[in-house]
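There are 2 protein chains.
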Amino acid sequence: MLMEIEQFIAQSEGEWRSMRSGHSLAFQQFEQIISHLAIKILDRNDSRIIDLLKSNNISDGNYISPFHMKWESETDWDHNHSSQISSGSTILIPFPKTKVNGLLLRSQGYAEPIESLSTYHFLNDGTFILNTPYQKTIAEERIWFLSEKVRSRSSVIYTDKRLGIIQTSFTSEIKLSNRHENA
Amino acid sequence: MLMEIEQFIAQSEGEWRSMRSGHSLAFQQFEQIISHLAIKILDRNDSRIIDLLKSNNISDGNYISPFHMKWESETDWDHNHSSQISSGSTILIPFPKTKVNGLLLRSQGYAEPIESLSTYHFLNDGTFILNTPYQKTIAEERIWFLSEKVRSRSSVIYTDKRLGIIQTSFTSEIKLSNRHENA
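Line by line, the protein sequences are chains A and B. Numbers given in the working numbering equal positions in the first sequence, counted from 1, plus 162. Numbers given in the working numbering equal positions in the second sequence, counted from 1, plus 162.
Calculated from the structure, these hints are not laboratory results. Fair warning: there could be bad hints in the mix.
Identical copies go unnamed one by one, so any copy, or any two together, can satisfy a pair.
[Stated by the list, open to error] Simulated pairs of lysine-lysine, DSS-like, Cα-Cα distance not exceeding 30 Å:
1. K216 x K337
2. K311 x K216
3. K323 x K311
4. K298 x K337
5. K323 x K337
None of these values were measured; they are calculated from a predicted model.
Chain A on its own, in the form it takes in the complex (with noise of 0.2 Å):
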């Protein structure tokens, strides 16, 4: 059986140029960031993907298409969020249950930078549903393809329990290339 999940990593694997845009909905403040992202899909066997699956006690190996995702931004015209990350890497592990869901370990978590463990499942029009509790946060993300080679990333930030929201984003990313540099 195909997972869903396989085809659209490797769709999204290659260098890619994003524009994204945050709301912070309390303040209605905009902030917009340019930035590089380049996603690899890495061996098997490659000694991240193992010590990320020893530093949390995963003997489960029916993990497929573990990948490798490196940011940079280019510009930021807001300078009043210094907190701003303007790089990082992460491994993500994906974890199929079925053909369009599953688990996702990632090294590094969006909302808060510890390592998170996401559910994830697809639309039934391929679009890519990312659930990830954090310790305060909970953050829903969605990936959709416009075309080949552009695609669509929204994300929202609610507090524990759902109560409410603290941000909402949106990216536009374009493919530069389908090459990488080495991860």
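We have chain A; now place chain B onto it with these hints.
Chain B in isolation, oriented as in the chain A frame:
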């Protein structure tokens, strides 16, 4: 059979404050705007509904929840885009075909200010997707609720035949009130 569009429009009715970010992909330009949005369900026999149906030679009476939408920008920090429409209103008439899809007639379109006929459908998580062919462009909008009183709206404007992408946008909308001014 309860149409999904009825529930969607009922949840959308009211006054909203909207934060919108636009991404021009070719030029890597951002634009951002805060607007006020008012959505009001109209009586089936409102004269504006009857007029719009007549002007399109539509005698099909199988429409439900026709509504009025009115928007006005509060701030616009992007003075390079003088073409930005700062206020407007439109009448929308949904013609469901099945529980989850149908047609939507608008007196004024989104990507071009002309009457438009869109197809809509709902994804399996309730995300509303609207496709509209215009004279020179094709627009896809998607709207989903993050909570009862917060909704997200994304759009992409394709060139004719979907060969290129002109602009994407993302809007975060917070409900101010279920009440509405007179439409």
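Consistency of the hints with the structure:
1. K216 x K337: Cα proximity of K216 and K337: none, with 33 Å in one copy and 46 Å across.
2. K311 x K216: Neither: 35 Å inside a chain and 42 Å across chains, both beyond 30 Å.
3. K323 x K311: between (36 Å within a copy, 16 Å between copies)
4. K298 x K337: Classified as between; 25 Å across copies, 33 Å inside a copy.
5. K323 x K337: between (36 Å within a copy, 20 Å between copies)
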